[in-house]
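Visitor: What follows is each chain in one-letter form.
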Amino acid sequence: MAAPESGDGNNGAARMVTLISSDNTRFEVEAAAASLSQTLQLTILDGGGGGGDGIPLPNVDSATLSKVLEYCIKHAPAAANGGAPNATAVDRAELERFDNEFVNIDQSVLYSLIMAAHNLEIEGLQSLVAKKVADMIKGKSPMEIRRTLGFPDPTPEEQAEMNAHMLEYGWAYE
Amino acid sequence: MEASVHPDWSGLPEDLIAIVMRVLDIPNLLRASSVCASWRAAAFPVRRVRIPIKDASPCLLYSCAGDDADTASLYSPSSGVSFKVRLPGPAFRSRYVFGSGHGWIVAADEESNLQALNPLTGAQVDLPPVTGLYHVESCSDDQGRPAYNLRDDVMAPGARDVYTPLELRLYLYHHVYLSCSPSAGAECIVLLLHKHNGEMFFARVGDSRWTRISWKEPNERFPCNEGCRAAAYNKNDGLFYVLFSDDSVFTLDLNGPSPVARKIIQGAARLETSAKSIVLTPWGDIFQDVYLENNREVLPKFCLGSEETMGTIHMSEEAEGSRRGKRKAVGKAPVRGGRAGGGKGGARGGGRVGARSPSSVPASSSEEEEEEMEEEERQETEEEEDTEDTEVQQGHQQDEDRDGDEEEAGGSQSSSGGIWLRGPSQLPQRPIPLERRPMIRPLTDDGARGWKTTTIAQIRRGCRKLVKDMHYEARIQAIVDYNAQYLKVVIKKEQARTMNLTREQYLQVPAWWLAQNLQCWERIMAKWVDPQWEEQHNACRERRLMMQGAPHHQGSLTLSEYASRWSDSHGGQACGQFKALAMAHKGKATSDVNYNPEDPPEAYNNASIHSRLSDYTSMAREVHGPEYDPSMENLDAEIVMRVGGGKKHWRYWICYSTIDTAGPAGTREAAMGGD
Chain X
1 MAAPESGDGN NGAARMVTLI SSDNTRFEVE AAAASLSQTL QLTILDGGGG GGDGIPLPNV
61 DSATLSKVLE YCIKHAPAAA NGGAPNATAV DRAELERFDN EFVNIDQSVL YSLIMAAHNL
121 EIEGLQSLVA KKVADMIKGK SPMEIRRTLG FPDPTPEEQA EMNAHMLEYG WAYE
Chain H
1 MEASVHPDWS GLPEDLIAIV MRVLDIPNLL RASSVCASWR AAAFPVRRVR IPIKDASPCL
61 LYSCAGDDAD TASLYSPSSG VSFKVRLPGP AFRSRYVFGS GHGWIVAADE ESNLQALNPL
121 TGAQVDLPPV TGLYHVESCS DDQGRPAYNL RDDVMAPGAR DVYTPLELRL YLYHHVYLSC
181 SPSAGAECIV LLLHKHNGEM FFARVGDSRW TRISWKEPNE RFPCNEGCRA AAYNKNDGLF
241 YVLFSDDSVF TLDLNGPSPV ARKIIQGAAR LETSAKSIVL TPWGDIFQDV YLENNREVLP
301 KFCLGSEETM GTIHMSEEAE GSRRGKRKAV GKAPVRGGRA GGGKGGARGG GRVGARSPSS
361 VPASSSEEEE EEMEEEERQE TEEEEDTEDT EVQQGHQQDE DRDGDEEEAG GSQSSSGGIW
421 LRGPSQLPQR PIPLERRPMI RPLTDDGARG WKTTTIAQIR RGCRKLVKDM HYEARIQAIV
481 DYNAQYLKVV IKKEQARTMN LTREQYLQVP AWWLAQNLQC WERIMAKWVD PQWEEQHNAC
541 RERRLMMQGA PHHQGSLTLS EYASRWSDSH GGQACGQFKA LAMAHKGKAT SDVNYNPEDP
601 PEAYNNASIH SRLSDYTSMA REVHGPEYDP SMENLDAEIV MRVGGGKKHW RYWICYSTID
661 TAGPAGTREA AMGGD
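Each protein sequence line maps, in turn, to chains X and H. Every letter in the first sequence is one number past the one before it in the numbering used here, and letter 70, counting from 1, is 70. Every letter in the second sequence is one number past the one before it in the numbering used here, and letter 517, counting from 1, is 517.
No lab work stands behind these hints: they were computed from the structure. C-beta atoms are modelled at their ideal positions from N, C-alpha and C, and glycine is treated no differently. Don't take every hint at face value.
As the list claims (entries may be wrong) - Taking lysine to any residue pairs in the SDA-like style, the calculated list, with each CA pair at most 20 Å apart, reads:
(1) X:K131 with H:A515
(2) X:K138 with H:F44
(3) H:K492 with H:N538
(4) X:K131 with H:R40
(5) X:K131 with H:Q477
(6) X:K138 with H:D15
(7) H:K465 with H:Y482
(8) H:K465 with H:T454
(9) X:K140 with H:D8
(10) H:K195 with H:E137
(11) H:K195 with H:R160
As the list claims (entries may be wrong) - Chain H residues, not near chain X, derived (Cβ > 10 Å throughout):
(12) D8
(13) P13
(14) V23
(15) S94
(16) E110
(17) R503
(18) A515
(19) E522
(20) G571
(21) D629
(22) G644
(23) G645
(24) H649
Please model the entire structure based on the sequences and the hints provided.
Guide: Next comes the structure, spelled out in structure tokens:
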């Protein structure tokens, strides 16, 4: 829960917005960070989220939201620079390192994260998590993928489908 | 962190799965797409991007020199993706591709056996072996190496030719067409066209032999010595449409116990071209494409719609100015069966977005398969070129009533009962209405080339020539002026052309139109005093002088008109045909010419007329005595016949239209008499 209150430090000019998670926890962040989310950006531009109102996010629980905001705060400065064209190599390496660490998390969190990123339309976070998921299923057979991602055991039909698929795309299973 | 929700990855929104899958490479993507139903559904749009699936445009399948022989590269020009696939043996590079369709290619290995191969999935199906053809047997050659015996019953019964396996596939196979994906098993009919005599064979996937489609048996005779050139499969009616080299089109029903062929378009039999193709358009038309090398004759083309509603077209377009003349027809006819997916190499994976096949469509080629590619490419590039070079005026469907007329007329021409003849096989006898005629014109003004651009280019060219001429005339005038003003000599332009002035002299006589602007004149004349220019000028002049003059000066006059005109302008002197003939090759009737038997060949426009005149004279003297003067007489047909050895190529030796052909001299005897 690092992110939310840390925003207080440098309020001054920075506009703050309040986000309310599904379990009614309030998070106060800089508008710039929250604006990484396309969904929030529109609301914020309309003047929402300021003062005591807060923007309710019924689809995101507090644990996930804090994680999301951690990402947003880290990436906000780079995004403010217009995709960081003038960011130094060090900055970029730092961000990359952060990203790698960031997704090195439990699968269920990963899942909530990608759902939240999807709901809030945070493009960078979406592709970051997607890449992580892709890494997880890379080089695995369909069965292994199912196991990795905790799918229930396949129904007979599903099994048959998978077998047929395997027959047809035998080369992809080598 | 607590995992309050059990992650349901299968319930991931489709676009999220798509994001994940976009990161995966092809094999991983394929595996991931089979994980569960929702993932499979999500994979389709991705695969469409990653693997050019169901793309209307064909892909290029080729073997890269840098890769091993098993690896093929697949490139989709439309989506710009390319990737490599490893294919099951035999080595892809050693194969020769003879057809493609439904995402599969059909290729012959080094044993000349055909296999159907899906380059994306790596699936492979053996088609009947080459020895499954009735006239091919395996044997060994002199050195005991495997070879094939080929019997040719059509051309030379009993004769046998020995081919190596590598040769045979090139000699034998022309093209292979698939009715559907070979993964459908026996559902899939394979039509094989032969190269050397245009025979046709078919087999179902799983058969061990090829079934010959005999010439004799079908209820309509095939143009057997012509042979088939191309085919297309129409999945709406389940028929193959086969195009023969005389432009006739047969439908071929291979679904029943024995093949049934029907002629649906009468051949034109006018023109033999080797490259032809037939394409079924998605809206159900047949499109026949004939490739004509340097041939600008207008060729009728047809296309037809469904059985009931038949549209005729007369559209042909003449691609003048393009690299080669070619034409084709586009027509419209109502759709019956909706999209009838079909294409030259075979239908492009039609509506088959089935769950199991990526069904991309490789139109195939490996390095050694250029021929095949060329053909395919030609078809495509030609279509593009057309739009570039000429605006195609689309053919219009005939009026309803006219349609009826034609069908009737067609029916009466057709000798085959019960066969629906769908339109005339030749251009209608009446002229094509003006508004339907193909027209050659530049592209519209929206395009790069229109009337406007063409006109501008034309004007520019004209202006450049005018300016050039102006300079030339200015120089001549300057020389004339200089001579008149300073040397007080009157010279003609003809003389002036051979003269030149110095820089200072030129400066004294600027052209009147820029007398106010001497600087400009200086610029212009600077060229004329340049020795390099002078050298070139003289060289060009020499060359111009060497150019051949007019063949004669008779103009459009007849010989007797020339003679009388000469007489008029020469104080009424008599002029016979012979003299007129001689003088017509010296100068105009009104000019100062006369006939002198002693003139050398150089006096005439061409030397041959001189030798003919002297030949005629000597023959005439032989006949009429040594004192005979042909110049005062008319031409003697008999002498002409004798000198010329008769009427070679049905023409008199000289003055074909002057000599009376009905006269007694125009006989063989007269010619013989001189011998």
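Visitor: Now, for every hint given, state plainly whether the structure supports it.
Guide: Results for each hint:
1. X:K131 with H:A515: Outside the cut-off at roughly 81 Å; violated.
2. X:K138 with H:F44: holds, 18 Å
3. H:K492 with H:N538: Given that 20 Å is the threshold and the Cα spacing comes to 19 Å, the pair holds.
4. X:K131 with H:R40: holds, 18 Å
5. X:K131 with H:Q477: violated, 84 Å
6. X:K138 with H:D15: Between K138 of chain X and D15 of chain H the Cα gap is close to 19 Å, so the pair holds against 20 Å.
7. H:K465 with H:Y482: The given pair, whose Cα atoms are some 26 Å apart, is violated under the 20 Å limit.
8. H:K465 with H:T454: holds, 17 Å
9. X:K140 with H:D8: Distance ~19 Å between K140 of chain X and D8 of chain H Cα, so the pair holds.
10. H:K195 with H:E137: holds, 18 Å
11. H:K195 with H:R160: holds, 17 Å
12. D8: violated, 8 Å
13. P13: With a cut-off of 10 Å, P13 of chain H comes too close to chain X, as the shortest Cβ separation is near 6 Å.
14. V23: violated, 4 Å
15. S94: holds, 19 Å
16. E110: Since the minimum Cβ distance to chain X is about 22 Å, E110 of chain H lies beyond 10 Å and the statement holds.
17. R503: Nearest chain X Cβ is 63 Å from R503 of chain H, so the label holds.
18. A515: Label holds. Min Cβ-Cβ 64 Å, cutoff 10 Å.
19. E522: holds, 57 Å
20. G571: holds, 98 Å
21. D629: holds, 98 Å
22. G644: G644 of chain H is indeed farther than 10 Å from all Cβ atoms of chain X, at 80 Å.
23. G645: Nearest chain X Cβ is 79 Å from G645 of chain H, so the label holds.
24. H649: holds, 71 Å
Against the hints set out earlier in the document, violations occur for numbers 1, 5, 7, 12, 13, 14.
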